[in-house]
Amino acid sequence: GQSLEQPSEVTAVEGAIVQINCTYQTSGFYGLSWYQQHDGGAPTFLSYNALDGLEETGRFSSFLSRSDSYGYLLLQELQMKDSASYFCALLSGGSYIPTFGRGTSLIVHP
Amino acid sequence: GAVVSQHPSRVICKSGTSVKIECRSLDFQATTMFWYRQFPKKSLMLMATSNEGSKATYEQGVEKDKFLINHASLTLSTLTVTSAHPEDSSFYICSARTSGRRVYEQYFGPGTRLTVT
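Chains U and S, in that order, are what the protein sequence lines are. In this text, residue positions in the first sequence follow the numbering used here: the first is 3, and each later residue adds one. In this text, residue positions in the second sequence follow the numbering used here: the first is -11, and each later residue adds one.
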């Protein structure tokens, strides 16, 4: 089966940089995605890594190391609106079936 | 683009009745749709995967006779919770994706809050 581990909560101040880690176990790895979900809302896609290295999308970047079964989401220049839950999601298996981590609640303080 | 709608957004029903939730992809064809259940402050639990025109594939522990899924077209999937009980109360979210280059990207609906009294 598949499993993912990510911290349950991270706090940071506005303007800072924060890194949310995700470690995983799987066979048949395809890629690792990241999603953001505000309270009461739908998850929205942030980023995807299939190969090792860093993917940058504006203030958000995502990193993957397949040899370490590890990835992270990096959020820069934090804003209050970034307070949300962040999920890493593992894609594996022949049909790209996603498995979501438990989510990390990010709290941004002024 | 890539908008997914869900209806209803909230529903309250009595124990023993059935509830149907619709998930529509508004501006793209969804070859695959996923149904999730989410408890407060918890992760998304995949219930089933449905491909247009074929039977849904249910995850282990999900009763297929209780949670009926139909994916009749490339833009519509429905989840029917049959004989609902209070323990079925939850937040149900659908997502959709296309085939092709961005197969890894899912587009989520806004969710349906089901309360069974």
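Check the hints yourself; a few may be wrong.
Reference excerpt, derived from the structure (chain U facing chain S, CB under 7 Å, subset only) [stated by the list, open to error]:
(1) Pro45
(2) Tyr72
(3) Gly95
(4) Phe102
(5) Arg104
Quick caveat, the hints were computed from the structure, so don't treat them as lab data. Idealized CB from N, CA, C, for every residue including glycine.
Requested in this report: Would you pick out the hints that fail for this structure and give their numbers low to high?
Outcome: Of the numbered hints given earlier, those the structure breaks are 2 and 3, listed in rising order.
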